[in-house]
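**Student:** One letter stands for each residue in the lines below.
Protein chains: 2
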Amino acid sequence: MTASLLLRDVRPFGAAATDILIENSRIARIAPAIAAPGVAVEEGRGEIVVPGLVEAHTHLDKNLLGLPWYVNEVGPNLLDKIDNERMNKKRLDIEPARQSARQAVRASVFGATHIRSHVDVDTEHGLWGIEGVMATRDAWRDIVDIELVAFPQSGLLRRPGTLEVMDAAMKAGCEVVGGLDPCGIDRDPKGHLDAIFGLCQRYGKPLDIHLHEPGEMGAFSLDLIIERTRALGMKGKVAISHAFCLGTPDPALVDPLIEQVAALDIAIVTTAPASRPVPAVKRMLAAGIRIAAGSDGIRDTWNPYGNGDMLERAVLVGLRNNLRRDDEVRLALDTCTVEGAKLMEVADYGLAEGCAADLLILPGETLAEAVVNRSPNRRVLKRGRIVARDGVPLRPAT
Amino acid sequence: MTASLLLRDVRPFGAAATDILIENSRIARIAPAIAAPGVAVEEGRGEIVVPGLVEAHTHLDKNLLGLPWYVNEVGPNLLDKIDNERMNKKRLDIEPARQSARQAVRASVFGATHIRSHVDVDTEHGLWGIEGVMATRDAWRDIVDIELVAFPQSGLLRRPGTLEVMDAAMKAGCEVVGGLDPCGIDRDPKGHLDAIFGLCQRYGKPLDIHLHEPGEMGAFSLDLIIERTRALGMKGKVAISHAFCLGTPDPALVDPLIEQVAALDIAIVTTAPASRPVPAVKRMLAAGIRIAAGSDGIRDTWNPYGNGDMLERAVLVGLRNNLRRDDEVRLALDTCTVEGAKLMEVADYGLAEGCAADLLILPGETLAEAVVNRSPNRRVLKRGRIVARDGVPLRPAT
Chain D
1 MTASLLLRDV RPFGAAATDI LIENSRIARI APAIAAPGVA VEEGRGEIVV
51 PGLVEAHTHL DKNLLGLPWY VNEVGPNLLD KIDNERMNKK RLDIEPARQS
101 ARQAVRASVF GATHIRSHVD VDTEHGLWGI EGVMATRDAW RDIVDIELVA
151 FPQSGLLRRP GTLEVMDAAM KAGCEVVGGL DPCGIDRDPK GHLDAIFGLC
201 QRYGKPLDIH LHEPGEMGAF SLDLIIERTR ALGMKGKVAI SHAFCLGTPD
251 PALVDPLIEQ VAALDIAIVT TAPASRPVPA VKRMLAAGIR IAAGSDGIRD
301 TWNPYGNGDM LERAVLVGLR NNLRRDDEVR LALDTCTVEG AKLMEVADYG
351 LAEGCAADLL ILPGETLAEA VVNRSPNRRV LKRGRIVARD GVPLRPAT
Chain P
1 MTASLLLRDV RPFGAAATDI LIENSRIARI APAIAAPGVA VEEGRGEIVV
51 PGLVEAHTHL DKNLLGLPWY VNEVGPNLLD KIDNERMNKK RLDIEPARQS
101 ARQAVRASVF GATHIRSHVD VDTEHGLWGI EGVMATRDAW RDIVDIELVA
151 FPQSGLLRRP GTLEVMDAAM KAGCEVVGGL DPCGIDRDPK GHLDAIFGLC
201 QRYGKPLDIH LHEPGEMGAF SLDLIIERTR ALGMKGKVAI SHAFCLGTPD
251 PALVDPLIEQ VAALDIAIVT TAPASRPVPA VKRMLAAGIR IAAGSDGIRD
301 TWNPYGNGDM LERAVLVGLR NNLRRDDEVR LALDTCTVEG AKLMEVADYG
351 LAEGCAADLL ILPGETLAEA VVNRSPNRRV LKRGRIVARD GVPLRPAT
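Protein sequence lines correspond, in order, to chains D and P.
Every letter in the first sequence is one number past the one before it in the UniProt record's numbering, and letter 329, counting from 1, is 329.
Every letter in the second sequence is one number past the one before it in the UniProt record's numbering, and letter 181, counting from 1, is 181.
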């Protein structure tokens, strides 16, 4: 049980100023309050408060933060990047426990209170990544909640023995089963999907599959996923990361898919890449589809960009989706907050009495300004305790 | 004539450390040097030095920097945004002299040493914008070079009298003639293009036309521009801003256009928007076409995004064009440096002996890291004098 805290003079989502009383790590009351004896006070100075940012798709285990600069000379294909990374991971000293802690702390400082991380599983490294990220999850659980997706980055069937390591990862406690381009990488969509859905059934866990496949090929794979989701009664338990095929400019291809994705409550996770087709945020929301956002890999052997800041991701979502009006900027932020929480099924998430006090306080005249400014002067609360201030992590004393 | 300055221990483009001696506002020597009496020394601390950033496409006259937050509720069409802005400019107190100075100083602090600004010209505001930006150009010429494009934002022929104001703007000293979507806005491509090319001929000035028109319509307008460029002997004197039509995924449409754009040395200016088709940077460079980059409008009635940082623009160019390898990140930076200087025909631009000492010094292990990090800890030199340090403008004493 943590001490009570009164956040005085804060503006929820940029609305009128009020106070937020936190008791037992939860939001006890949102109303003008008078400081009581024994209740610590944090002056909000009229700043804006939003629920904590949700990083819904990243790869904590394999960033290069704090390591010497990696000069990227990798070839253009997906398999070039996959094989280059797997072959160089140990040589480059990409130690999952250390690297995931670096990224998790950085994400927390930016305001993330929840992270879903895909974590590599392959026959060369076994559970190295899973164990490393689990160590970080346990060591830093007072600043951020981390959920693990067992992710067959190098393919499942093309590298025999991988399914057994995936099984071991689920046994070790991963919360979500991952998958990857059933046509493009494994070249055996039925085999790949039967295998990962089988893991979901065996462990009673949800699925979050990377689907980069574009156009008709991606639509085919998505159709196979839809078929299995329905047949196995997994409504609400499947997520598609990337889902580039849903960005195909062909309503005849996309519209029927969207209808079924909505009917089966399949969630979409986007990183809003500028150079690829993407599922449109407004279209997904209008169809009632959960659409969360993530950084994807940051500063890794794949790509030098990205800093793990989910407010910057909100801006990139806004730019990619041409969200210019203030009400549209709010939608961009939603993909990095409430939509991510829906994906991760965080029950007590939000800015309402009873919710966990996972909060981000940041300057701005309006919510839209706070988002586009991405000020480094942020205060981050996890379960009612301030865990970062102005870019500096404050490890709680307990 | 300015005092001599020795930049000690800097790494040109991230290469080995050396010294740069600046005399008479120019780079006198790039070689290990010994400090001489009377020569001030700036310690580079092994940081990276590049030539100053070039903002090749912005709208200095109409940002909202420092004004109350503008709640954007504007409709989705280009004409909605155009009319909304023109009708609200005075009500919102968007005073061009003040606003352009705010943006110019901010751009300089980020490292820009050259700016090409399109400036609104219309029958309601006359030369208000032109005179304001010229006042800023004159008042701040010791920190940044500003070039003006007379820009008929509200259309040329659809609003009679605009051509006369354009003529007056050129007479007042604008360096470049502007134009806008000859089909989409004026709905009279022949009339629009004949008018603006006529101004070019009358004043002996180059052209930089906004061309948002997509696909076949844009290709048609571009073809008309090519025809006039050739007929009037304006090779090397025409630029197309945006040029979305060159991003059309149809080689049969695009390839012949690219060939002629290259043959007539027509320059392309991109803002690398994530939500529109764009001319591909590598494709343009491979064809020998100059391709510069710009911020477009920042924080205005059109759009809340953008901060005027041309290093952030380099990252957005990199993301939009999927430039991941270190040698590709360098190309993204080139669009924000040397390619912009080529567009603006800056004769003495670069990191070589004899060039103007317009420089940016910034931390980073490699050039790619310096770009993706976008550190606020930058030092900016204009004509051999340090004009900004760590985000703070240092107005020279003269």
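A couple of the hints might just be wrong.
Pairs involving identical chains hold if they fit within one copy or between any two copies, as the list cannot separate such chains.
[Claimed, not checked] Straight-line alpha carbon distances no greater than 20 Å define the calculated EDC-like cross-link-like pairs of lysine to aspartate or glutamate that follow:
id, residue 1, residue 2
1, K81, E328
2, K235, D327
3, K282, E73
4, K81, D326
5, K190, E216
6, K205, E95
Think of the hints as simulated: they come from the structure by calculation, not from any bench.
**Student:** Could you run down the list of hints and mark each one as holding or not?
**Tutor:** So, going through the hints one by one against the coordinates:
no., hint, in the structure
1, K81 - E328, "between (35 Å within a copy, 16 Å between copies)"
2, K235 - D327, "neither (30 Å within a copy, 45 Å between copies)"
3, K282 - E73, "between (37 Å within a copy, 16 Å between copies)"
4, K81 - D326, "between (38 Å within a copy, 14 Å between copies)"
5, K190 - E216, "within (16 Å within a copy, 41 Å between copies)"
6, K205 - E95, "neither (27 Å within a copy, 59 Å between copies)"
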